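Asker: In the order they appear, the protein sequences are chains A and B.
Residues in the first sequence are numbered from 1 upward in steps of one, following the numbering used here.
Residues in the second sequence are numbered from 1001 upward in steps of one, following the numbering used here.
If you're looking for bench data, these hints aren't it; they were derived computationally from the structure.
Among the clues, some could well be false.
Listed next, the in silico DSSO-like pairs over lysine-lysine satisfying Cα-Cα at most 27 Å (straight line) [said to hold, decoys possible]:
| no. | chain 1 | residue 1 | chain 2 | residue 2 |
| --- | --- | --- | --- | --- |
| 1 | B | Lys1090 | A | Lys58 |
| 2 | B | Lys1092 | A | Lys15 |
| 3 | A | Lys21 | B | Lys1090 |
| 4 | A | Lys277 | A | Lys247 |
| 5 | A | Lys15 | B | Lys1090 |
| 6 | A | Lys355 | A | Lys24 |
| 7 | A | Lys355 | A | Lys204 |
| 8 | A | Lys204 | A | Lys220 |
| 9 | A | Lys277 | A | Lys21 |
| 10 | A | Lys244 | A | Lys355 |
| 11 | A | Lys305 | A | Lys244 |
| 12 | B | Lys1092 | A | Lys21 |
| 13 | A | Lys247 | A | Lys355 |
| 14 | B | Lys1090 | A | Lys75 |
| 15 | A | Lys233 | A | Lys24 |
| 16 | A | Lys58 | B | Lys1092 |
| 17 | A | Lys15 | B | Lys1094 |
Now the stretches of chain A that chain B is said to cover, found in silico as 3 or more residues with beta-carbon under 8 Å [to be verified]:
| no. | segment |
| --- | --- |
| 18 | 89-103 |
| 19 | 139-153 |
As the structure is a prediction and not an experimental result, all values here were calculated from the model.
By construction, the Cβ of each residue, glycine as well, lies at the ideal position given by its N, Cα and C atoms.
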Amino acid sequence: MAYIELKQINAGYVKGSPILKDFKLEVERGELVSLLGPSGCGKTTTLRTISGFISPEKGQVIIDGKDVTNLPPNKRNIGLVFQTYALFPHLSVYENVAYGLKRRKVAKEIIKEKVNNILELVSLTGFEERLPANLSGGQRQRVALARSLVIEPDLLLLDEPLSNLDAKLRDEMRAELSRVQHQLGITMIYVTHDQIEALSLSSKIIVLNEGNIEQMGTPKEIYEKPATRFVAKFVGFDNELKAKFIKVNDANEVFVEVSNTTIMIDREQHFDVKSLKKGQSVSLFFRPDDTIISNMKNETSLAAKLNYANYQGNNSSFALTFEETEIRAIAPNVELQNSREIYFSIPSDKIIIEK
Amino acid sequence: MKKSKFLIFIVALVLVFLIGPFIVIILSSFNETAVMRFPPQGFSLKWYEKVFSIDMFRETFWISLKVGIAATFTALVIGIPVAYANVRYKYKGKNFVELIFSSPAIIPGLVIGFALLRFFIYVAHVPITLGLYLGHTAILFPYTVRVVSASLRNFDLSVEEAAVSLGSNPLGAFFRVVFPNIQAGVAAAFILAFITSFNNVPLSLFLTGPGVSTLPIQMLVYMEYYYDPTISALSSLIIILTIIIVQSAEKVLGISKYM
Chain A
1 MAYIELKQIN
11 AGYVKGSPIL
21 KDFKLEVERG
31 ELVSLLGPSG
41 CGKTTTLRTI
51 SGFISPEKGQ
61 VIIDGKDVTN
71 LPPNKRNIGL
81 VFQTYALFPH
91 LSVYENVAYG
101 LKRRKVAKEI
111 IKEKVNNILE
121 LVSLTGFEER
131 LPANLSGGQR
141 QRVALARSLV
151 IEPDLLLLDE
161 PLSNLDAKLR
171 DEMRAELSRV
181 QHQLGITMIY
191 VTHDQIEALS
201 LSSKIIVLNE
211 GNIEQMGTPK
221 EIYEKPATRF
231 VAKFVGFDNE
241 LKAKFIKVND
251 ANEVFVEVSN
261 TTIMIDREQH
271 FDVKSLKKGQ
281 SVSLFFRPDD
291 TIISNMKNET
301 SLAAKLNYAN
311 YQGNNSSFAL
321 TFEETEIRAI
331 APNVELQNSR
341 EIYFSIPSDK
351 IIIEK
Chain B
1001 MKKSKFLIFI
1011 VALVLVFLIG
1021 PFIVIILSSF
1031 NETAVMRFPP
1041 QGFSLKWYEK
1051 VFSIDMFRET
1061 FWISLKVGIA
1071 ATFTALVIGI
1081 PVAYANVRYK
1091 YKGKNFVELI
1101 FSSPAIIPGL
1111 VIGFALLRFF
1121 IYVAHVPITL
1131 GLYLGHTAIL
1141 FPYTVRVVSA
1151 SLRNFDLSVE
1161 EAAVSLGSNP
1171 LGAFFRVVFP
1181 NIQAGVAAAF
1191 ILAFITSFNN
1201 VPLSLFLTGP
1211 GVSTLPIQML
1221 VYMEYYYDPT
1231 ISALSSLIII
1241 LTIIIVQSAE
1251 KVLGISKYM
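This is chain B alone, in the form it adopts within the complex (with noise of 0.2 Å):
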């Protein structure tokens, strides 16, 4: 029974290194002092109470919810028809539109944002809002086509077929039979991008300009200020947010198979 002793250590090693900086954080926000501290000392609320009164948390969190869905919503209607096709058809240039649209999930972000931020700002003169959100649009491609071609590959060409042979134009057989049956993979595309996108920091940070900025972006800069638990404060909300929502979606979807 060796090895199964030295697979529990393996598998308490990973839980600890996983889950263990969440629950540090969690407990490190209800810290009674100013400095985070762990294991915490006292119990308070006043950190929560502080994230909602400072108002540059509160626009930033709204510009990440609009940036996140906005961009979100058109990496799902970009990557939708693309996910359709490259499944579906076998076309010239096909690994080519498929490098295109998996390599923002390649390419170091960092990159990108640098990339995005001389060309928007030097070359196009792009406002900063929109530049976040095409940017941020570019960066969910992958994500949207990968998981939308997941559910597409598993669903059966005969049924679209069918649907074809009794009437259907082929545009009317997406959206009457196809679409209906691939909705917990688009859903589950929905929620991975809109997550990678709230949570992205390296495009941000260079698309990010005076007067706008996104929430993790925020936190980082108000980091640099103030050591205090805060932004544990904020991080256990964003953590509690994240897991409603998703687990909200797979009771209802059952997303966790496209994921």
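Same shape as in the complex, but just chain A (with noise of 0.2 Å):
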């Protein structure tokens, strides 16, 4: 059994139109799983019904074997870390990091033995008596990670909890965060909608989309064998092309076809690529950095009209248009003539197909 489970969970913050429908969600001791996805997908309120401030309409919250489903928020137990910090403005981060353990009516001696050891974790020593308002945004998202971890809780949430820092105190943070849960095999539940922070981070990855889950898998499956097209534009497969299924070989070799020119595809596909017909209307998705920018034709290569070329040093960022769908390219750069005729290639390992 799984040690947290959601089970048929119908929830949401208007009653009768749920964000989560038939919501189920499965995540294993030491884990650090993140929920990926839009904005609006419904990853906040998975967060928000497992920490017990919404109460779901229907379905079952289940931690470590309980099912907790009808206990309010503050008897469960459960670590949150925001992504406004949400530090308490009137108290010094000692009293912060003690407010969980006071109100477990904790002897004195003992708080201050765990407050100082969980300073001391994520490097805040000395800087007991200062009050939020007086620290950085690091050093406050520190505060709320150590605030939420002394109470040893179940289970730690964390919501966006890097996206109101900067770039280098992102990649600090997240550092740090992979080494807090390490050191404390804490169960951790991440909600980002950045790609690179959950792929980064977790050990399992659960895209979301409009309250559903589009794929759950590692962050190598998530990243290189999206399932839908939803995930694969949200892993940055941003280029589509139509194309028509020719043949597939001995190899698992598939040939499509595209206006004409005959593409070979040699990449492992998320489903049976022998299921496919000939003739068949299939997808094709690629990355913007693996698309191959050339002013010479080859044989598998596609014309396309260059809308425009923006140097960015040692690449270049391309758009084209190729029969009326746009395609993006970040390519080193690619001497031009004065026409508008370019041509684009994508390696073969490097296409993704949708049926």
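Got two chains here, each in a separate frame; can you build the complex from them with the hints?
Answerer: Here you go:
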């Protein structure tokens, strides 16, 4: 049995129109699971259902074998880390961290010891007497983390905890979160809309769209074998080409036709390519930075119109139009003749097929 | 630069009409003659002495103070939970509750005064002081509910949820985390409501009665009989007292952003 289970949950903010419908989720003990998706996809709703701030209209929330569906949030022993840090502005760092222990009526000496230990873990020793207003964004988020960890929660929920930080701090905090998670072995559910964050932190990623799970898998699986059109687009397979399936050979190499040019695809797909029928239309997805740009035609390249090329040092960012579809490419600079005619091709192992 | 000259003119006009009367009152309180005159003639503090020698002013000052504090306090004790519920929750009849608690600011004070007079005196037989207190409490709700609502809206809901997730029940989270952070707003509401009660004339006009009056009503009564600078002196004292209260609250709590 999984450590955390959501069973047939209907939940949302307006009664009768739930964001999550018949929602199921399982998280194993010690995992760091990311809920990844655009805003409005239901990731925060899922988190609030687990933490108890939303009562589901239907279904069960089970933590460690106990049904907590009707347990109020203050009785659930779940740590929360918010995007806005949500520190108590009138309390010092020490008092912020000690808050949960005081509510649990822990003895003063033990509180002191635990708070000091956890502040050391997040490298904030010496900041005990500061007020949150006198801390930097990164320090605030570390206080928030310490505050939620010190109560030794059964589960830590993080709602876009890094999105208010600048890029450099975000990297640091990501490493810190990773380290803390390994050190304490605590189960974490991490909500984000940033695929890089999800890829670098998680042991498992769940991609959500409109309250449904699109795909669940390891970061590698999600990034390399997106199972749906939505996930493909979300992890950067921005370009889409319409094609006709021709055949598949014994080596599982797939041949498709795009406007009279035959393209070979040699990549493991998330479905059995043998199930495709001759003449069936498919979509090909590929990433802008896998696209090859050339000013010379060859057998497998496709001719397109260049809209613009944006010089970026080593590379240029190209925008092309191919049969009314926009294709984006990030590729080494190409000597452009005066014509707007340009050719692009995609390596055979970089294309994913959607039915 | 025509435009800026015009602007300066308008601003000057506004200042003259806003602050001018206060200056006239303060200066005329130092008159030596027994008639209110501007510009004042001579210089004397005798009208200030007279303010303190008139018993009715002293008595009604204490009544105004007591009614003001009691009504403000009550309006806060009821107004804070109402503000909290309206900011945090969606519930059936929310619009109605909002309307009820803001109606005293919409309905003219004379109408409320007359309605309450009919009800308190002829129907419920409420003692005068109690009637004053209840009436003032009612007209202060719009101020307490609105000002406290504003400061609650500025307070991040996540902070409260953080407290709950750490083990506080909702009431505990309110007193330990929310209240300490809306204190300035509550203080602003207190001052605004108290001043409103202390200055009120239309409602008190109906609800005061034999032997029980408030300071503004007493001032009106006095002016009907004597037109001397005593009223100027008393008004000056009230102006100065108000400025001191508001200024010190601003220094300590920074209340101006909630007013």
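Asker: A separate judgement is required for each hint: does it hold in the structure or not?
Answerer: Verification of the supplied hints:
About 21 Å separates the Cα atoms of B/Lys1090 and A/Lys58, which keeps this hinted pair within 27 Å; it holds. Distance check on the hinted pair: B/Lys1092 and A/Lys15 sit about 13 Å apart at the alpha-carbon level, within 27 Å; holds. Between A/Lys21 and B/Lys1090, the direct Cα distance comes to roughly 23 Å. Compliance with the 27 Å bound is thereby established for this hinted pair. Our distance criterion of 27 Å between C-alpha atoms is met by A/Lys277 and A/Lys247, whose separation comes to about 8 Å.
Using a Cα cut-off of 27 Å, the hinted pair A/Lys15 and B/Lys1090 holds, with the two alpha carbons roughly 12 Å apart. A C-alpha spacing of about 26 Å is found between A/Lys355 and A/Lys24, which places the hinted pair at or below 27 Å, so the restraint holds. For the proposed pair A/Lys355 and A/Lys204, the alpha carbon gap of about 25 Å is at most 27 Å, so the pair holds. For the hint linking A/Lys204 to A/Lys220, the alpha-carbon distance of about 9 Å falls within 27 Å, and the restraint holds.
Simply put, A/Lys277 and A/Lys21 have alpha-carbon atoms about 34 Å apart, too far for the 27 Å limit, and the pair is violated. In summary, the hint linking A/Lys244 to A/Lys355 is supported, as the alpha carbons are separated by about 10 Å, within the 27 Å threshold. With a CA separation close to 22 Å, the supplied pair A/Lys305 and A/Lys244 stays within the 27 Å bound. About 25 Å separates the Cα atoms of B/Lys1092 and A/Lys21, which keeps this hinted pair within 27 Å; it holds.
Only pairs whose Cα atoms come within 27 Å are accepted, and A/Lys247 paired with A/Lys355 is accepted, the gap being roughly 14 Å. The hinted pair formed by B/Lys1090 and A/Lys75 meets the criterion: a straight-line CA distance of about 24 Å does not exceed 27 Å. A hinted pair counts as satisfied when its Cα atoms are at most 27 Å apart, and A/Lys233 with A/Lys24 qualifies at roughly 24 Å. In summary, the hint linking A/Lys58 to B/Lys1092 is supported, as the alpha carbons are separated by about 22 Å, within the 27 Å threshold.
Restraint check: the Cα-Cα separation between A/Lys15 and B/Lys1094 comes to about 17 Å, which is no more than 27 Å; the hinted pair holds. Coverage of the segment 89-103 of chain A by chain B holds. Counting CB-CB distances below 8 Å, 5 residues qualify, and the rule asks for three or more. Judged by the Cβ-Cβ criterion of 8 Å, the segment 139-153 of chain A is covered by chain B as claimed, because 4 of its residues qualify and three suffice.
Hint 9 from the earlier list is the only one contradicted by this structure; the remaining hints agree with it.
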